[in-house]
Structure formats: C-alpha cells, structure tokens
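One-letter residues, chain by chain:
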Amino acid sequence: MEGLGVAQGVWLWVAVVGVALASVAIIAALTRTPPRYRRRLLVTVCFVAGLFYALEFFLPTREVVSENGMVTRQNFLTPFIPTLISPLAEVLAAFILGLGLFSLLRIHSGNVAKRKPGYYNSVALILSAVVMLVIGLWTNWTESPPDGIRATYGYLFNGLYQNMDAAMFSLIAFFILSAAYRAFRIRSIEGSILMASALIVLLGLSFGVIATQGLPATGMASNLRIETWSSWVLGVVSLPALRAIDFGVGLGALAMGLRIWLGIERGALFGD
Amino acid sequence: MLHADENWFVAVFMGLLVGLILWRIISAMHGRLPFIRRIPGLNAIDEAVGRATEMGRPILMVPGLSGLDIVGIQALNIFRHITRTAARFSTPIRLCVSDAALYAVGQEVIQEAYRSEGRPEGYDPDTVQFISGEQFAFAAGVSGIIHRQKVAATFLMGAFFAESLIFAETANTVGAIQVAGTTLTTQTPFFVAACDYVIIGDEFYAASAYLSREPVPTGSLAGQDMGKILFVVCIIIGCISFSITGPQYPADAPLFYKMFGSGGWEELLRALRGLVG
Chain U
1 MEGLGVAQGV WLWVAVVGVA LASVAIIAAL TRTPPRYRRR LLVTVCFVAG
51 LFYALEFFLP TREVVSENGM VTRQNFLTPF IPTLISPLAE VLAAFILGLG
101 LFSLLRIHSG NVAKRKPGYY NSVALILSAV VMLVIGLWTN WTESPPDGIR
151 ATYGYLFNGL YQNMDAAMFS LIAFFILSAA YRAFRIRSIE GSILMASALI
201 VLLGLSFGVI ATQGLPATGM ASNLRIETWS SWVLGVVSLP ALRAIDFGVG
251 LGALAMGLRI WLGIERGALF GD
Chain Y
273 MLHADENWFV AVFMGLLVGL ILWRIISAMH GRLPFIRRIP GLNAIDEAVG
323 RATEMGRPIL MVPGLSGLDI VGIQALNIFR HITRTAARFS TPIRLCVSDA
373 ALYAVGQEVI QEAYRSEGRP EGYDPDTVQF ISGEQFAFAA GVSGIIHRQK
423 VAATFLMGAF FAESLIFAET ANTVGAIQVA GTTLTTQTPF FVAACDYVII
473 GDEFYAASAY LSREPVPTGS LAGQDMGKIL FVVCIIIGCI SFSITGPQYP
523 ADAPLFYKMF GSGGWEELLR ALRGLVG
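Line order of the protein sequences matches chains U and Y.
Quick note: our numbering has the first sequence finishing at residue 272, numbered continuously throughout.
Quick note: our numbering has the second sequence finishing at residue 549, numbered continuously throughout.
FYI, nobody ran anything at the bench for these hints, they're computed from the structure.
Keep in mind the model is a prediction, meaning the values are calculated, not measured.
Worth double-checking, as some hints may not be accurate.
[Stated by the list, open to error] Calculated from the model, a selection of chain Y residues having no Cβ within reach of chain U, i.e. all distances over 12 Å: (1) L305; (2) D318; (3) R352; (4) I512.
[What the hints assert, rightly or not] Chain U is nowhere near these chain Y residues, computed Cβ spacing over 10 Å in every case: (5) S299; (6) G303; (7) F307; (8) R309; (9) P312; (10) Q346; (11) D371; (12) R391; (13) R420; (14) I438; (15) Q496; (16) K500; (17) F503; (18) S513; (19) I516.
[What the hints assert, rightly or not] Computed Cβ-Cβ distance ranges for the label pairs, DEER-style: (20) U:I193 to Y:R304: 34 to 40 Å; (21) U:A22 to Y:I308: 21 to 27 Å; (22) U:S188 to Y:R304: 19 to 25 Å; (23) Y:K422 to U:W13: 48 to 54 Å; (24) Y:G287 to U:V237: 16 to 22 Å; (25) U:F58 to Y:G303: 39 to 45 Å; (26) U:F58 to Y:I509: 37 to 43 Å; (27) Y:F281 to U:V64: 20 to 26 Å; (28) U:A28 to Y:R304: 42 to 48 Å; (29) U:G148 to Y:G390: 57 to 63 Å; (30) U:K114 to Y:G303: 36 to 42 Å; (31) U:A113 to Y:G287: 55 to 61 Å.
Yeah, the Cβ is synthetic: ideal placement off N, Cα and C, and Gly gets one too.
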C-alpha cells in the first residue's frame, strides 16, 4: 500500500470505522436499488474494470528498474495493480468470506435447533469453527502467544486438521481403482481402445520395460520396445488432443469474457 | 504482467479472435443463427432431472473449487437452467460451493430461477450452501451430503482438482445419475471413467448457447468455431512447410516461425489458459 500511504494509530481506527460505515451505506443503497438500475451499475462496473486491464495490456510500456534491481515493463496504469486493485480485491474477498461463514453457521445452528437427524455433526462443526477461530486469532494476534495456546494451535492444525486432510486425499487411491474397474470393462470399441492405451502406458512406465529391454535402443527394432509405444501414445496421441482441448477452452473463455465485459451476456450474472 | 508490445503475436491474434467472435455475434443478432450439433451431456440434463423427480430425491449441483471467475459464472449459467427445470416439477435441489463470492451470486441466481418459473415460494435459502474454502474439507462436506440425502442426480460443472473422483465415486455408490463437465484436461479422464455423461472441453462454454438458443451466445459459439478453423489452417500450413524446409527455417523467417511454427503458439496458449484461471 506504499502508493496510498498507511494510516497509523488513532487514524487507523478512524479509517477502519469510516470504511465500515461507508460499506454498510453502499450495501444498503445497492439493496434498495431497483434490479433494472442495479444491472446497469453492474454492467458499467464490469466494463470499467475490464477496460482498465485491456488498456494496461495494449498501451505502450517502458522499462522500470525497481529498488531491488528487478527490471519490469510498465505503463502508467501498471503501478495501480499492486497498490489499488489487488488490495481492493482482497478487501472484497474478506467481506464475502464473512458472508460464507454466516451461511454455514445459519444452516448448522438451524439443524441443531430443530434437532434434525445427524444434528450432532452440526454441533461438532460449530464447535470446531469457534475453537479454531479463537485459537487461530489468539496465536496470530500477538508476536509471542502463551505456550499453551501455541501448543493447542499446533495440535489442532498439525495434529488434527492436516491429518484429516491427508486421510481424505488418500481415499482417492481407492476411488481410482473402483472407477478404473468400471471404465476399463471392455463393452465397446471405445472401451477397448481406452483399455489398450492404458495398458501400453502403464507397462511403458513400469515393469513392462523389462520385457523388451533386450531389443536394441536405436534403429528400426527400437520401435518394438514398450517404452517407445508408451511415449508415442503420450506424445503423439494424447498431448495434441489435450492441446486442442486447451485451445477450445481458451477460446470459450475469451468469448465469455468478452460477452461479460461488453455487458451482452445474460444468465447468471446479468439476468434475463 | 504481459503487455502487447512485448508479445505482438498474442496481441494481434487475440484481436483477430475477438473480431471474429464479435462479427458472428452481430450476424446472429441480425437473424443469422448457426446450427448447433447435438451435445449428449447437455441433453442428459432433462433425463437426470426427470429421474430425480420420479424418485423424489434431490439434485446436487457442484461447481467444484471455482471462484467468481469465468468458469464459475458459466457453471452457474448451467445450474440456472437445471434449477428452472427442477422448479417446474418441484424437485428439491442443493448447490454446494467452496467460494464465498460464488455463494453470494449463487443464492441470487437460484432465487431468480425460481421466480422466473413463477414459483418464488419454492426457493429455500438453505438450498445454496457454502461448505468450506479448503479442498478436502469441501470434498468431505459434499460427500456427506450425497450420502445423507441420497441424491438422485449430480451435476459436477466447473473447476475440479483431486476432489473430482471423490464426488463422482461417492455419488456412484448411492446410484445417482451423473453429468460432469470441467475445463481442466487433467480431471476430464476421471470424469469419463466415473460419470454417466461428460461435457468435454469447450462444450462447457457451448452450454449457454445450446440451452438458451439465444442469438448472443449462439453467435459467439460460431465465432469460436471460426477461431478454431483459423488454428487448424495455421497448423496444416505449419506442418507442410516445416516438413519441407526442416528446422533451420525459424532463423531465416521469424515471422513465419511465429505464425506457423511453435514460436507464437505456446505464448498464445499460455495467454488463453490465463483467461481460464
């Protein structure tokens, strides 16, 4: 935030309260705005934001050497990205995260209040969220938190959370097996091709190499080695297909981005 | 940050693609609507909603780890259509998101979908749920919902990573019909292996045009196809000329190398990937 300056002491709190009040006023005003005008406002904001990035991309640049000696190319709009746009996006994300947390607590406290089946899961979730929030804030708020708090944070984060996360991740190994079993059952021509390709790649990347290692590494006979087949499937068949899909997806994103930028997109963002 | 004067090839080619897309949008707005081929994955939406209605069980929609970006918005476009179909038959729906910004927009979209079908009372704010911003906590939460509520149909549309197979296989265990689509080529094979119908690559973006048949998305789709034709022409010219001349060509003709060799295309692909996020 060096471009805008950083408020200190009392002024920091004045700025925080001022911004909070202004935000509440803006949200209230937006809520009361009729949908037709709100849509126009949304389209305008989208266009201005998109125009900023388009101009930043197309306007001529010059070389700028930063304090640490790094050379970058910039035009007069580039410095606004780290000093204004990124912090603005972060503040908006923080606001919206509060909304997500509110949703989570509303749904689960409702489950508990109505004693819905499995409400004890909701109790566990609310307790975990509150405990983690308090311990996490306490640990990071001060430079030297009490040893007990630091240890509890370590136990909750490293001891519980990370292990549960890893346990979830490890489930994928079993799911891959069951999905592969269903996918590789030879029921059609496509299924047979899929099975044959998978077998070649698997053998070429594992013990299959041993079976053909007696063949020469160069010349015509090298084409019979399983790793040659495997790299052919990966490099000649699979990679171009993936590139083609990537180009198609990129074009789709470009078209959609253009429609949103120009405000001609309907549907989820701008309604009918 | 990349700038036009650092990479003229990307800038010129992007400009050309934008021109093609806009031209086809304007043509479509003047009544020249192109033909759209059948996309089985999108046709299956009505089948899946019908099955859920018959079984009286909910439909689950998951945009993966998408945020409020192009992929997330397109996922919501598809979910909006599904919700409108479900609202007609009073079929319960669930939308689970991992991004708080998408949650806020999702609530608005689902509510509006019920309103547009003349059933505003059918909207329940609890149908749109923010689960968690953490990948595997989100996966665990959604899997729990699939199991507890015995969903009849799942729509997995958006940006998925390692959690894709957890969703698809969990839904398979409860016998749900599954339609999936992602823009990430790394996860498409998992969906192909585990789901009933898969929307591959740019079919994900074709959904708006396919489902609504409105001039703007339909024209935009035709523009994208013209862009693809341009790519194919460049690839064919590049293949033939480099097969004749050999790899020494780039040094003699840098412009030719950028247009038809790999020189500019890697950068263009990187720029296009940047749009997807």
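Quick rundown of the hints versus the structure:
Taking the minimum C-beta to C-beta distance to chain U, about 16 Å, the non-interface status of L305 of chain Y holds against the 12 Å cut. Remark: the non-interface label on D318 of chain Y is consistent with the geometry, its nearest Cβ contact in chain U lying 18 Å away (cut-off 12 Å). For R352 of chain Y, the shortest C-beta to C-beta distance to chain U comes to about 5 Å, within the 12 Å cut-off, and the non-interface label is violated. The Cβ of I512 of chain Y sits about 16 Å from the closest Cβ of chain U, beyond the 12 Å cut-off, so the non-interface label holds.
Distance to chain U confirms S299 of chain Y as a non-interface residue, since its nearest Cβ pair spans about 14 Å, more than 10 Å. Every CB of chain U lies more than 10 Å from the CB of G303 of chain Y, the least distance being 16 Å, so the non-interface label holds. With a closest Cβ-Cβ approach of about 18 Å to chain U, F307 of chain Y is found to remain outside the 10 Å limit, as its non-interface label requires. Listed as outside the interface, R309 of chain Y is consistent with that label: its C-beta sits roughly 14 Å from the nearest C-beta of chain U, beyond the 10 Å cut-off.
Annotated as non-interface, P312 of chain Y keeps its C-beta farther than 10 Å from every C-beta of chain U; the closest such distance is 13 Å. For Q346 of chain Y, the shortest C-beta to C-beta distance to chain U comes to about 6 Å, within the 10 Å cut-off, and the non-interface label is violated. D371 of chain Y, annotated as away from the interface, has a beta carbon of chain U within 10 Å; the closest lies near 8 Å. Non-interface status of R391 of chain Y relative to chain U is upheld: no Cβ of that chain comes within 10 Å, the nearest being about 16 Å off.
A Cβ of chain U approaches the Cβ of R420 of chain Y within 10 Å, the least distance being about 6 Å, so the stated non-interface status is violated. For I438 of chain Y, the condition that its CB be more than 10 Å from all CB atoms of chain U is violated, with the nearest at approximately 6 Å. Against the 10 Å criterion, Q496 of chain Y falls within the reach of chain U, whose nearest CB is about 5 Å from its own CB. Against chain U, the non-interface label of K500 of chain Y is violated: not every CB pair exceeds 10 Å, the least being about 7 Å.
Listed as a non-interface residue, F503 of chain Y fails to keep its Cβ farther than 10 Å from every Cβ of chain U; the least gap is roughly 6 Å. No beta-carbon of chain U is positioned within 10 Å of the beta-carbon of S513 of chain Y; the least distance is around 18 Å. Distance check on I516 of chain Y: its Cβ is at least 20 Å (rounded) from any Cβ of chain U, clearing the 10 Å threshold; non-interface status holds. For the pair I193 of chain U and R304 of chain Y, the supplied restraint of 34 to 40 Å holds, since their beta-carbon distance comes to about 39 Å.
The hint said 21 to 27 Å for the Cβ distance between A22 of chain U and I308 of chain Y, and at roughly 47 Å that hint is violated. The supplied range of 19 to 25 Å is broken by S188 of chain U and R304 of chain Y, whose beta-carbon atoms lie about 38 Å from each other. For the pair K422 of chain Y and W13 of chain U, the beta carbons lie near 52 Å from each other, so the given range of 48 to 54 Å is met. For the pair G287 of chain Y and V237 of chain U, the beta carbons lie near 33 Å from each other, so the given range of 16 to 22 Å is not met.
Distance hint for F58 of chain U and G303 of chain Y: a CB-CB separation of about 33 Å, inconsistent with the stated range 39 to 45 Å. Roughly 28 Å separates the CB atoms of F58 of chain U and I509 of chain Y, a value that falls outside the hinted 37 to 43 Å. Distance hint check: the CB atoms of F281 of chain Y and V64 of chain U are about 24 Å apart, consistent with the given range 20 to 26 Å. In this structure the hint that A28 of chain U and R304 of chain Y lie 42 to 48 Å apart at CB holds, the actual value being about 46 Å.
Hint check: G148 of chain U to G390 of chain Y, Cβ distance near 59 Å, so the stated range 57 to 63 Å holds. At roughly 54 Å, the beta carbons of K114 of chain U and G303 of chain Y sit outside the given window of 36 to 42 Å. At roughly 58 Å, the beta carbons of A113 of chain U and G287 of chain Y sit within the given window of 55 to 61 Å.
Hint compliance for this structure: hints 3, 10, 11, 13, 14, 15, 16, 17, 21, 22, 24, 25, 26, 30 are not met, and every other hint is.
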